[in-house]
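Order-wise, the sequence lines are chains A and B. If you read the first sequence in the UniProt record's numbering, its first letter stands for residue 1, the second for the next number, and so on. If you read the second sequence in the UniProt record's numbering, its first letter stands for residue 1, the second for the next number, and so on.
Simulated from the structure, these hints should not be mistaken for laboratory data. Incorrect hints may have been included.
[What the hints assert, rightly or not] 30 Å max Cα-Cα, derived DSSO-like pairs, lysine-lysine:
| # | chain 1 | residue 1 | chain 2 | residue 2 |
| --- | --- | --- | --- | --- |
| 1 | A | 269 | A | 292 |
| 2 | B | 95 | B | 124 |
| 3 | B | 158 | B | 124 |
| 4 | A | 273 | B | 168 |
| 5 | B | 182 | B | 158 |
| 6 | B | 158 | B | 139 |
| 7 | B | 124 | B | 234 |
| 8 | A | 13 | A | 292 |
| 9 | B | 95 | B | 158 |
| 10 | B | 139 | B | 95 |
| 11 | A | 231 | A | 273 |
| 12 | B | 95 | A | 15 |
| 13 | B | 139 | B | 168 |
| 14 | A | 273 | B | 124 |
| 15 | B | 95 | A | 273 |
| 16 | A | 231 | A | 269 |
| 17 | B | 182 | A | 13 |
| 18 | A | 13 | B | 95 |
Note that the structure is a prediction, hence the values are computed from the model and not measured.
Next come the chains, spelled out residue by residue.
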Amino acid sequence: MTEPSQLALEHSKPKLLPLSIAGNRSLGIFVEGQSDIAVLLVSGGAQVRAGSHRMQQQLASYLQQQQISSLRFDFPGYGDAEGQPADFIQHAQWLPEILTAAQQAQPQIRRWLLFGLCDGASAILLNQQLLPQTAGLILLNPWCRAEQNHAKTMVRFYYWQRLWSAEFWQKLLSGRSQPLQSLQQFLQYWWQARANLNPKNANGSPDLQPTQGSNQQFLPAMLHNWQQYAKPVLLALSENDLTAQECASLLAELPATQRQQIARHTTTKTVAKANHTCSDATHFLQLQRVIKDWLLQNFSQ
Amino acid sequence: MINAEYQQGQLGWWLMTRWQSTTPNGQTLLILPPFAEEANRSRRLFSELCQQLAANGWTCYLPDFYGTGDSQGDFSDSDLNLWQQDLCQWLESAKLPQPVHLLACRFGALQLLGMWPALMQQIKPGKLLLWQPQLDCQKFLQQLFRQHQASNLLQAEKAPSASQLLDKDLAVDIAGYSITPKFYRQINALKPDLSQWQHHTLCWLELSTLPQLPIPATNAWLQIDADAATSSQKLLALPAFWLQQEPLPVALLIQESLQFLEGDQHD
Chain A
1 MTEPSQLALE
11 HSKPKLLPLS
21 IAGNRSLGIF
31 VEGQSDIAVL
41 LVSGGAQVRA
51 GSHRMQQQLA
61 SYLQQQQISS
71 LRFDFPGYGD
81 AEGQPADFIQ
91 HAQWLPEILT
101 AAQQAQPQIR
111 RWLLFGLCDG
121 ASAILLNQQL
131 LPQTAGLILL
141 NPWCRAEQNH
151 AKTMVRFYYW
161 QRLWSAEFWQ
171 KLLSGRSQPL
181 QSLQQFLQYW
191 WQARANLNPK
201 NANGSPDLQP
211 TQGSNQQFLP
221 AMLHNWQQYA
231 KPVLLALSEN
241 DLTAQECASL
251 LAELPATQRQ
261 QIARHTTTKT
271 VAKANHTCSD
281 ATHFLQLQRV
291 IKDWLLQNFS
301 Q
Chain B
1 MINAEYQQGQ
11 LGWWLMTRWQ
21 STTPNGQTLL
31 ILPPFAEEAN
41 RSRRLFSELC
51 QQLAANGWTC
61 YLPDFYGTGD
71 SQGDFSDSDL
81 NLWQQDLCQW
91 LESAKLPQPV
101 HLLACRFGAL
111 QLLGMWPALM
121 QQIKPGKLLL
131 WQPQLDCQKF
141 LQQLFRQHQA
151 SNLLQAEKAP
161 SASQLLDKDL
171 AVDIAGYSIT
181 PKFYRQINAL
191 KPDLSQWQHH
201 TLCWLELSTL
211 PQLPIPATNA
221 WLQIDADAAT
231 SSQKLLALPA
241 FWLQQEPLPV
251 ALLIQESLQF
261 LEGDQHD
């Protein structure tokens, strides 16, 4: 007979789930919980399935402790997966086939939630075909950069924070910084922010011009889908993160009706003092608590 | 074709990823990955190399040691002795075709030197490929602590350095990775003996945009005193892939590696 500790260990052994994403082989890791709820962890940026500083691996362990299963994977061209790297717009297109494969492999799971960090969160919101198959979304610092909110956030958040940082003054006093160049950059952002003060379109929505380097008009589609999504959403925003501030600023500038539609099913929580990936252990604990509370509130049955 | 399996180690499950061919040719590669975030950034390159080798009949293995990558445990569980025990235990049961060729990247090279005597009990080493090896314990720690120093600069009050905290038996959080006093002591206690590699077939690939090999790399190569007929140290004008999250064009690194591993050289 197997020892109880051995049984516990056996139970917690993660399962490997071979996936095919657009014909590229990728390995998923399914960590089994005790309930019918699972979270599909969608990596952001160029991250591997374990996540930056193993964030997704740690989150999977935490979810398992809450009886919730999870699946993490590599997008093609990243980590162990075959294929060429692609951007989050493409990732959004691939998510339905990944979720379908997960549903087929784990039929005991009745409710699939999606977790995404940064442009992983944006990818989730971008696919209209995917969203009806999900029971809820956990969005951590979604990527919402547009020229307008980027300039405003730089002025209100980045430069203001820099003025209060010891590093800035140390650099300035030691002559290691270039104050004129910084001032020039600041004025450029300030001018952009002012120029875009009221650039609302015919619908009264902010005029969302993506910044340089982004050739996709993803923000209107993303906001539209978020607005239409009727199931619970947790929006977790790191206090010390430019991307999070841009998202907050974008939402704050939406017309009241659109804002209210999003707010109706979205719980917004701030992770105090945290950076983009909540790399500090105490901040990650905060994030875990926020997720746990939201899960209890919305999925306790 | 990629596959993976969770292995039961001393403290819990750790992942061994495997790339293999449907028609294996008996050639085996074992990879020792870099440390912390560098391992994430290198993963795609390991995958690229292993996919190409597997297409040519090789079987390649990449471990996520306990507490790292997709294995169980916390990073604070990092323990060089545990990793060595887990790997040696696996090698004992895996019964790999010999010789086993080795690829050590960054910190993986330091780790390989540390576990070399124990590893030799389990395998007959074949060719040894080094990607930007980190062979100096103190330099490894300095580079690691630099990140801690940078985050300290953002704080208003002067905070103690990473080494001060570790010397006081306190764990230090560096960019989301917890470095424990135990792991710090293990690194400090390592006495890397480069001469262990003297009689092996080596290829050291150093990546730099500078026109010449850095002096520490040249000195370490002299210390190894490898046979010039079978071994080489090469400078590749490529960017530092272990520092960048975004994929970088490093096809030359893969090409050179394949040439060395598959080339007709003595083992």
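Given hint residue 13 (chain A) paired with residue 182 (chain B) - CA-CA distance at most 30 Å: holds (27 Å)
Distance restraint between residue 158 (chain B) and residue 124 (chain B), which requires alpha-carbon spacing of 30 Å or less: violated (51 Å)
Agreement of residue 95 (chain B) and residue 15 (chain A) with the hint, judged by alpha carbon distance not exceeding 30 Å: holds (24 Å)
Pair hint outcome, residue 124 (chain B) versus residue 234 (chain B) [Cα-Cα no greater than 30 Å]: Given pair residue 124 (chain B), residue 234 (chain B) holds - Cα atoms ~25 Å apart, limit 30 Å.
Given pair status - residue 273 (chain A), residue 95 (chain B), alpha carbons within 30 Å: Status violated; Cα separation ~50 Å.
Given pair status - residue 95 (chain B), residue 13 (chain A), alpha carbons within 30 Å: Roughly 23 Å separates the two Cα atoms, so the pair holds.
Holds or violated: residue 231 (chain A) to residue 273 (chain A), with C-alpha atoms at most 30 Å apart: Roughly 28 Å separates the two Cα atoms, so the pair holds.
Given hint residue 158 (chain B) paired with residue 182 (chain B) - CA-CA distance at most 30 Å: Since the Cα atoms of residue 182 (chain B) and residue 158 (chain B) sit roughly 25 Å apart, the hinted pair holds (cutoff 30 Å).
30 Å limit on alpha-carbon distance, applied to hinted pair residue 273 (chain A) and residue 168 (chain B): At roughly 26 Å apart (the allowed maximum being 30 Å), residue 168 (chain B) and residue 273 (chain A) satisfy the hint.
Proposed proximity, residue 139 (chain B) with residue 158 (chain B) (alpha carbon, max 30 Å): holds (24 Å)
Restraint status (C-alpha distance of residue 139 (chain B) to residue 95 (chain B) at most 30 Å): Roughly 36 Å separates the two Cα atoms, so the pair is violated.
Holds or violated: residue 95 (chain B) to residue 158 (chain B), with C-alpha atoms at most 30 Å apart: Roughly 53 Å between the alpha carbons, so the hint for residue 95 (chain B) and residue 158 (chain B) is violated.
Comparing the model with each earlier hint shows violations of hints 3, 9, 10, 14, 15; every other hint is respected.
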